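Peer 1: Work out the full structure, taking the sequences as your base and the hints as a guide.
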Amino acid sequence: MTSTSTTEPLRAKTRSVPRHARGRRRGRAEAGRLAALLLSPTFAVLALVIVYPLVSALRDSLFSSGEQLDENGFVVQGDQFVGLRNFADIVRGAAATRFWNAFGNTTFFMLTTVAMETVIGMAMALVMHHALRGRGVVRASVLVPWAVPTAVSALLWRWMFASDGVINAIIGHQVLWTTEGWHAKLAVIVADVWKTAPFVGLLTLAGLQIIPGDLYEAARVDGAGSWRQFWQITLPLVKPALLVAVLFRILDALRMFDLPFVLIGNQKRSAETLSMLAWDEASNLHYGPAAAYATLLFFYVVVVAFLFVKLLGADVIGEARGRRAVGRRAVGRRAEDAPAAPPREEVVPA
Amino acid sequence: MRNPRRVWRPWGAVAWLAGVLFVLPAAWMVLTALHSEPDAATNPPSVAAPLTLQGYAEFFGAGTGVSPWPPLINSATASVGSTVLVLLLAIPAAYALAIKPVRKWTDVLFFFLSTKMLPMVAGLLPVYLFAQYTGLLDNISLLAVLYTSMNLPIAVWLMRSFLAEVPKEIMESAALDGAGLLTTLRRVVAPVAAPGIAATALICFIFSWNELLFARVLTGVVAGTAPVFLTGFVTSQGLFLAKVCAAATVISLPVLVAGFAAQDKLVQGLSLGAVK
Numbered sequence: 000m001t002s003t004s005t006t007e008p009l010r011a012k013t014r015s016v017p018r019h020a021r022g023r024r025r026g027r028a029e030a031g032r033l034a035a036l037l038l039s040p041t042f043a044v045l046a047l048v049i050v051y052p053l054v055s056a057l058r059d060s061l062f063s064s065g066e067q068l069d070e071n072g073f074v075v076q077g078d079q080f081v082g083l084r085n086f087a088d089i090v091r092g093a094a095a096t097r098f099w100n101a102f103g104n105t106t107f108f109m110l111t112t113v114a115m116e117t118v119i120g121m122a123m124a125l126v127m128h129h130a131l132r133g134r135g136v137v138r139a140s141v142l143v144p145w146a147v148p149t150a151v152s153a154l155l156w157r158w159m160f161a162s163d164g165v166i167n168a169i170i171g172h173q174v175l176w177t178t179e180g181w182h183a184k185l186a187v188i189v190a191d192v193w194k195t196a197p198f199v200g201l202l203t204l205a206g207l208q209i210i211p212g213d214l215y216e217a218a219r220v221d222g223a224g225s226w227r228q229f230w231q232i233t234l235p236l237v238k239p240a241l242l243v244a245v246l247f248r249i250l251d252a253l254r255m256f257d258l259p260f261v262l263i264g265n266q267k268r269s270a271e272t273l274s275m276l277a278w279d280e281a282s283n284l285h286y287g288p289a290a291a292y293a294t295l296l297f298f299y300v301v302v303v304a305f306l307f308v309k310l311l312g313a314d315v316i317g318e319a320r321g322r323r324a325v326g327r328r329a330v331g332r333r334a335e336d337a338p339a340a341p342p343r344e345e346v347v348p349a
Numbered sequence: 000m001r002n003p004r005r006v007w008r009p010w011g012a013v014a015w016l017a018g019v020l021f022v023l024p025a026a027w028m029v030l031t032a033l034h035s036e037p038d039a040a041t042n043p044p045s046v047a048a049p050l051t052l053q054g055y056a057e058f059f060g061a062g063t064g065v066s067p068w069p070p071l072i073n074s075a076t077a078s079v080g081s082t083v084l085v086l087l088l089a090i091p092a093a094y095a096l097a098i099k100p101v102r103k104w105t106d107v108l109f110f111f112l113s114t115k116m117l118p119m120v121a122g123l124l125p126v127y128l129f130a131q132y133t134g135l136l137d138n139i140s141l142l143a144v145l146y147t148s149m150n151l152p153i154a155v156w157l158m159r160s161f162l163a164e165v166p167k168e169i170m171e172s173a174a175l176d177g178a179g180l181l182t183t184l185r186r187v188v189a190p191v192a193a194p195g196i197a198a199t200a201l202i203c204f205i206f207s208w209n210e211l212l213f214a215r216v217l218t219g220v221v222a223g224t225a226p227v228f229l230t231g232f233v234t235s236q237g238l239f240l241a242k243v244c245a246a247a248t249v250i251s252l253p254v255l256v257a258g259f260a261a262q263d264k265l266v267q268g269l270s271l272g273a274v275k
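Sequences listed follow chains A and B, in order.
Residues in the first sequence are numbered from 0 upward in steps of one, following numbering that gives the first Met the number 0.
Residues in the second sequence are numbered from 0 upward in steps of one, following numbering that gives the first Met the number 0.
Do not rely on the hints blindly, as some may be mistaken.
What the hints assert, rightly or not - Stretches of chain A that chain B covers, calculated by requiring three or more beta carbons in the stretch to come under 8 Å of a beta carbon on chain B:
{"hint": "1", "stretch": "37-50"}
{"hint": "2", "stretch": "138-148"}
{"hint": "3", "stretch": "286-300"}
Think of the hints as simulated: they come from the structure by calculation, not from any bench.
Bear in mind the structure is a predicted one, so any value in this text is a computation, not a measurement.
Glycine included, every Cβ here is placed at the ideal spot set by N, Cα and C.
Peer 2: Right, dumping it as structure tokens:
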């Protein structure tokens, strides 16, 4: 195109732009006000019911409660400011062994359950993706463990792990699963994986289903075997969905409470998590230490989530957009009557 | 979609096997609930034993000393009440984030996500003291409000992804035709987003129904919910397996129905918003 032919319409366009933009700006400010109005009730409720208790817990962690003697030997009622003493007591004081044990359990449960759930969930998703017949029924059936209340599933596993229960009958040994020891940990892990692996599978399946089929077609033409197809197409493209699912599982696993509480019980060394420890202290009216445990757990969760997002690059929000873009590109390729070679930048993992 | 001719037959069998494996414990629970107490107590389980509704009859017929209806009604009140509240609050908020993107809307979403990092136990104590102070202990409306705020971030997150699917062009042409905000919402947005909103509501219902930690601490004889009732029921009736299984089945039934109803949209919404 030549410049002379486009000058006139171009000038007409530039002239109209400022008026248009002004209108849009005004519209934008209005939309912004409306959005703020629509969002404010939600923020108000969250501030009242979630942020306020948390701030209050942070404050509590710096106080000791109950009766104490002050330096003159008088009995003092009510909260005393003790600074970071609650934290110091927890990390290296009298309560240190119990805290580090619970910290270790929490970390151990998080690592093992999330790893197993990811592998099993991924395998289930691949299997469900391949099996066309009855996929709906299978998908509905793996939803059962997720939907069932934790109180019920913990109960189910307690029966199965009972000394005269099904598990012992199958393995042919008398193992006291729900007493102290490594088997208590194993029982918690098995029950948790049963409950949440299917759901990781369902999320991964949703991720698998939007991978364009012609990528596999092209890879086959190029002579890539199914193993290579998995590593070079499936895994990189399902990674965003998988990482987000895993991130949320990590957040939940670190805060685990109901399952070990009902399955193994309170104050059992082998299965006590940080949430259970905080609960136990709170129910014994040790508010300061309880709040300190909860605060430490909160910082631990934040650090783990931050490291996970930074190291693995989980794109929590851009995920939906990114995948839509992939889908669009795939559609574009189909329209151009796709060439046999898969586009390298997508297939080769970075 | 995959080319059907490439499907390797055994995958179907493996998928079915996995499905059966995951349903087996729950199926065993349902079956045991239908057995008589002596049959329920055998090990290995007597699969072919005659079926009876005795367990259910005793569970509902107060043959156990406590009627299961108050806790079931409490759970229904807290779950349905909080779900309605969540919808009232979350739909406008999600609309604001999805259709009229606020500047820094990703920051807002991250704020919602960050509430998933808070340990519930941290809030337990302040909430307990507040309830004690205001006399709201053992009051089901307090639980409903708590569940509302617990589910609110997830609900906004999910609904934003559903509302974002409403085509912008339709909304713009509706605005050009002089439709106000309410008309646009009712005529244009609602029909497209309704299934997603319904699924979100069902998810909130499931989470509220299943909650145990707060319910256990904040309720007692009057406002105890179904999961709290179940843990107590096991302590008192634990030896009567059929009866306890009947109780567990009844308590699981509402969430299972909700889960199946929400199935399709649930997976889609969760993978877009990827929660839990």
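Peer 1: Each of the hints needs a verdict: does it hold here or not?
Peer 2: Status of each hint after checking the structure:
no.: 1; hint: 37-50; verdict: holds (count 9)
no.: 2; hint: 138-148; verdict: holds (count 11)
no.: 3; hint: 286-300; verdict: holds (count 9)
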